[in-house]
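Asks: Here is how the chains run, residue by residue.
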Amino acid sequence: MLKDKLGEVIESSTTGFTAECYELYSLPPFGSLVKTADPPVEIYGVVCQAGTSSIEPGRRPIARGKDEESEAEIYSANPQLWKLLRSEFRVLVIGHKQDGTVYHYLPPKPARIHAFVNLCSPEEVKQFSRSFDFLDLLMNAGPQVPVEELVSATLRQMSTAQEDQRSFLVAAGKELTALLGGEFTRLKAILTRLK
Amino acid sequence: MEERTNPLLGTVVAGSVEKGVDIRLDAHASVEDMVVGRYVTIEGKKRRFFGMITDIRLGVTDEDISMSPPDASDPFMVEVLDGTATYGALHVLPMLTIGGDVASIIEGPQPVKTVPSHFSRVSLASEQDMELVFGKEDSQRFWIGNPLDMETKLCLNLEELVKRSNGIFGKSGTGKTFLTRLLLIGMLQKSRATNLIFDMHNEYGWEGSSESAGRKVKALKQLFPEKVAVFTLDEENSRRRGVSTDFTVRIGFDEIEPEDIAFLRQTLNLTEAATEAVYQLRRRFGRDWIQKSLDLADADETRDILQSMNIHESSFQNLRRGLATIRRLPFIVSKAPVDAVKTILEYLDRGMNVVLEFGRHMDITAYMLVANMLAHRIYRRYQEKTEASMAGNVAPPKPLVITIEEAHKFLNREVASLTIFGTIAREMRKYNVTLLVIDQRPSAIDEEVMSQLGTKITCLLDNEKDIDSVLAGISGKNELKTVLARLAPKQQALIFGHAVPMPVPIRTREWGTEASYKEFARGLDVRQQAEKDIKELFD
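Protein chains in written order, with my numbering: chain A, 7 to 201; chain B, 2 to 540.
Since the hints were derived computationally from the structure, they do not count as laboratory data. Among these hints, one or two may not hold up.
[What the hints assert, rightly or not] Derived Cβ-Cβ restraints for the label pairs, each shown as a range: (1) A:191 with B:108: 24 to 32 Å; (2) A:177 with B:111: 54 to 62 Å; (3) A:177 with B:516: 17 to 25 Å; (4) B:73 with A:72: 50 to 58 Å; (5) A:166 with B:104: 57 to 65 Å.
[Unchecked claim] Every beta carbon over 12 Å from chain B, so not counted as near; a handful from chain A, in silico: (6) 36; (7) 58; (8) 91; (9) 103; (10) 108; (11) 130; (12) 131; (13) 134; (14) 142; (15) 177; (16) 181; (17) 187; (18) 189; (19) 190; (20) 198.
Bear in mind that the values here come from a model prediction, so they are computed numbers and not experimental data. Ideal placement from N, C-alpha and C gives every residue a C-beta, glycine not left out.
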């Protein structure tokens, strides 16, 4: 049922999950809205962290391109690299959908391991971003995530799905202003990244 | 509650009965569209409130914003912050309230005794709201102007107004005369009262001048020839100005009483002793005392007379100089051919309004002498008549409104007790005589008199003392101060007191154009028609 899948869940908790991409480097953009399913619930989240590393934590990649002309040649000369490396992304859960209704709070259960992860279509993004209640979850993303970057990236990503991008961003900005009362420097940092 | 016609402005966030309520503006309402002095309605849970905007503030939720403001050239940032982190706030003074139940609606607006609850919605008062509070133009209400920035006609109940003494104040050149002319026309049209106007600058009788337009504007008699009579002290001047006068006032020496002189003490520069001497001379010489005193030759014989009365030579000379000033006034004759007071009273009894022009005699001595003398005698007659009517013999006299300019000369602390105007202002309507006081220095007027004025209409004032004295004793004084100090220098005034349910700043009605004259004349037609209809109905 989920077409165009990006990857699948390999680690999961109530507040978020980690997914591995099927293709090396085919990571979704930072801040984009993705979803996974745990029927009948669809779990929505934003990409808050992504990276590529060795499949074995103990084995670090080594530099190989000394005698090669381009980066592509390294990969063609060492086809095993496609199997030894993997791209992963971490998703912060910001809502879910049940019986056709979108809720901007955490789902009752975390995502299941091996559940497929998909990028949301513009229509889904539009439906999800009708309310800004998810901003509160984003703002509390935790110490590992650069919150200002995440919030602004998410809103920028969402704005591309809107007909009137500017008024969407203004409305979001106003919501943020209310959330960040008394923290003008943080607010300013986010707002300058929204343009 | 009623259907709302005006957009919402914001919500109530704080407040107290004493200081008024704070309103946070919604993001869509611009601070720059708000004006101090405008009316708003607040929809409380159980009742509606009417209040006036008395202050407008800019607020920030975070002090950092004012410390390091964002780049103003960035429209996105400004748009986001507008109405959220930076917001407009209004301070509103609730003045009237109307309950939601039927009984309270019938009762009408009442003075405020509470504040609206948190988050009550606020909107600008609609035309209907204003009409609900101030009433429509009718047989008793006169359209005097419009509330600031509104098209609603603000109407004064003149029948109520003339029941008490009233004051019109304002710096010179702020439109006091225009306002007075309007009010006089209103009284002519809408109240039963007759007017006696001591017209120092010849502005009310035939025509006046408009400072800004530099042209002549019609005054009372040109519009209502059958209701207004112009009396003059200076026939020649009136003729030259093309005024058709009805009567030339002459004042006889024998009509001047010692009290009249005593009250002119300051203007005539008389000493205490000289003022005392006046009474002794009157006792000795009788009615012709002025003539006889002036005739006293500078001889031993005179000295003996003075000595017998215990009057010091220098005091007598001081008094003579003062009396000579009066004698030099051209309208003073040794014996008046016709009794001016009697004539004025006859006109007033016929329901005519009398404007007394002073012509070239614009000096304050002449004005004070004549105004005080005539008013004193007229008041006495009214007193007699009212007392007679109390005894049940005759109908009480028609209410009389006496208009005086430069009122602080009559009503200052030193002379207020001596002049008749002080008495009229204090005793008010007991004898059906009230005052319309026009002045530019209200602070010089006796506080006791000021406190007795029923309705005060004030144009722009900028002297702190004057503002204080005009607003003395009114609730929300400090808030109204802001409103008063921000009136436009022309055509705007603040009305408060007995005749209006709450203080209201207005833009005065247009006066001086052909269209405006027609409108006034129409007002009269309606009234006359109504009177005619009533008469026909009962005849």
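Asks: For the pair residue 177 (chain A) and residue 516 (chain B), does the Cβ-Cβ distance stay inside 17 to 25 Å?
Replies: 49 Å, violated
Asks: Okay, residue 166 (chain A) versus residue 104 (chain B) on CB: inside 57 to 65 Å?
Replies: 60 Å, holds
Asks: Is the claim that residue 177 (chain A) lies outside the interface with chain B correct, judged by CB distances over 12 Å?
Replies: 9 Å, violated
Asks: Starting from the range 50 to 58 Å, see whether the pair residue 73 (chain B) and residue 72 (chain A) falls in it by beta-carbon distance.
Replies: 54 Å Cβ-Cβ, so the 50 to 58 Å window holds.
Asks: Can we confirm that no CB of chain B comes within 12 Å of the CB of residue 198 (chain A)?
Replies: 8 Å, violated
Asks: Evaluate the condition: distance from the CB of residue 103 (chain A) to the nearest CB of chain B exceeds 12 Å.
Replies: 29 Å, holds
Asks: Determine whether the non-interface label on residue 181 (chain A) survives the test: each CB of chain B must be over 12 Å from its CB.
Replies: 9 Å, violated
Asks: Non-interface claim for residue 190 (chain A): all C-beta distances to chain B beyond 12 Å?
Replies: 4 Å, violated
Asks: Quick check for students: does the CB of residue 58 (chain A) sit more than 12 Å from each CB in chain B?
Replies: Label holds. Min Cβ-Cβ 35 Å, cutoff 12 Å.
Asks: Does the claim that residue 142 (chain A) lies off the interface hold, with its Cβ farther than 12 Å from every Cβ of chain B?
Replies: 16 Å, holds
Asks: Does the Cβ-Cβ separation between residue 177 (chain A) and residue 111 (chain B) fall within 54 to 62 Å?
Replies: 42 Å, violated
Asks: Between residue 191 (chain A) and residue 108 (chain B), does the beta-carbon spacing fit 24 to 32 Å?
Replies: 55 Å, violated
Of the numbered hints listed earlier, those contradicted by the structure are 1, 2, 3, 15, 16, 17, 18, 19 and 20.
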